[in-house]
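Chemist: So the protein lines, in turn, are chains R and W.
Under this note's numbering, the residue at position 6 of the first sequence is numbered 6, and the numbers go up by one with no gaps.
Under this note's numbering, the residue at position 6 of the second sequence is numbered 1006, and the numbers go up by one with no gaps.
I should point out that these hints are in silico values taken from the structure, not numbers from a laboratory.
A portion of the hints provided could be inaccurate.
Sample of chain W residues with no beta-carbon within 12 Å of chain R, all distances over it, derived [said to hold, decoys possible]:
no.	residue
1	I1083
2	L1099
3	K1130
Short, incomplete list of chain W residues facing chain R, as computed with Cβ under 8 Å [claimed, not checked]:
no.	residue
4	T1010
5	L1023
6	G1026
7	F1034
8	Q1052
Glycine included, every Cβ here is placed at the ideal spot set by N, Cα and C.
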Amino acid sequence: MRKTEIAVIGGGPAGLMAALAAAEMGAEVTLVDKNNNLGGQLVKQTHMFFGSEKEHASTRGIDIGKLLAKEAQNHSKIKIMNNSEVIGYYPDDGVIGIEVEEEKFVKLKADKIIIATGASEKFLPFVNNDLPGIYGAGAVQTLMNEHGVVPGNDVLMVGAGNIGLIVSYQLMQAGVNVKAIIDAAPKIGGYLVHASKVARLGVPILTSYSVKAAYPNQITKALERASIWKVDQNWQPIPGTEKVLKVDVLCISVGLSPLAELLWQAGCNMKYVPQLGGHVPTRTNDLETSVTGIYVAGDVAGVEEASSAMIEGRLAGLNAAKSLGYDNGTYEEKHQEALNQLHDLRSGPVGEKIREGISQLVS
Amino acid sequence: MLLQNGIPTTEDLETRIPPKERLAKGPVVMIECFQEIPCNPCNTACKQGAIQEFKDINDKPEIDYDNCTGCGLCVSKCPGLAIFIIDETYSDKEATVSLPYEFLPLPKEGQEVDLLDRGGNKVSQGKVVKIRNGKYEDRTPVITVAVPKELSMVVRNIRVGGDGK
């Protein structure tokens, strides 16, 4: 069995920052990630990030991912396990079970654990939603930006949150035609600057519209058309308002839900908080869950932006290290700075939902 | 309506159009940022003290138009691609609009392109005057295009290879 002082599970923005912060304080860290490359979802974020300089604003997500991954790889205190998927946590003896390269089973025991597993895409029920050509928006981003494959020719994007708007823009950049972006809500959910960016390309955004059904091509059985209809204030579809769009790709971007399985296994106190995407753990201000020694950071702690995920990672890393007695003399200052940054990022009107959600969790 | 389709209304824009007197003096910034989001790189990018420091990172940018030289260093740094430089003094009949453009193929200087409004509709054609695409712009090229003067507040995108070719 392997041993480490701090195990960080997930090498996305939160996990990378957690590993770096803990190592910087002097702790030994093992960073476990299921993918070949570190960076999590940053590896496909070709757009510039918001926030301030401290959160790498104006830098593209893909470049932030590379920067953090390189720092982690070069850090003598950080051991990286790539292609390693955590498949279980055994609370009785505190052992993490890891499948390495789909071949070996490795057991890892850590004094402290930071869970930064991120989130997965939510799906949407409608007639024929399993046809070839219907994707999650994140999947399309992976296909295009990681593998260089375009998903088709004409797209209907369902969801006008940031992911739906950004992926629509990236589809247009790749030469794929986005026929429309629809959202059942009466208002655009994503940042309005993202919405204006796609509007300038001539992509219509239709709020108060939902998908009714998808229709296959008779020969290929793949998606050929989709029908949409208007919904009223109570989200009920209005018959007679149907429109049919000829599309071979339908992207679903209706939100993310935290990948919290390990937290459940660990026996963390969980709460259903819709503002944060689903079941999330109660935690202290310093991101320790109800199970002593288990910390959370990033989307698994509540679906939010990558900028706040990075700072949460930093905060969790600092605190996990500090709890083991590690402090290079800068803990107080960095800890306070991280708390201030999170406060600032969440203090505006777009942070209201997050604030409401977190207030239900922090003890 | 901005909140429904992403296209700002005349009322939205009024809060962001530089003063007439300033427009008459030469190139100046117009930041089409209508929502309080946690973001401040426009201030960090501005070396002229024109884009004011943010008291709260969620504030919308405030501009001291007298300090703005229209240098355009902020254009490629806005993650929302919401910054434009307008020069209404370019010639008798034409103004220029400098805009961020992250699409291939890039136009060439001197090339005639379609001029699009905020809804992506073609409103005219115009010549590309200048392209800035160096290390600083970092894959967000800034295209300066000549537009009929009356369209200086209308044109916010271009299309390469349309009717204009």
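Chemist: Now look at each hint and say whether the structure bears it out.
Modeler: Status of the hints after comparison with the structure:
no.: 1; hint: I1083; verdict: 10 Å, violated
no.: 2; hint: L1099; verdict: 9 Å, violated
no.: 3; hint: K1130; verdict: 20 Å, holds
no.: 4; hint: T1010; verdict: 15 Å, violated
no.: 5; hint: L1023; verdict: 21 Å, violated
no.: 6; hint: G1026; verdict: 25 Å, violated
no.: 7; hint: F1034; verdict: 6 Å, holds
no.: 8; hint: Q1052; verdict: 15 Å, violated
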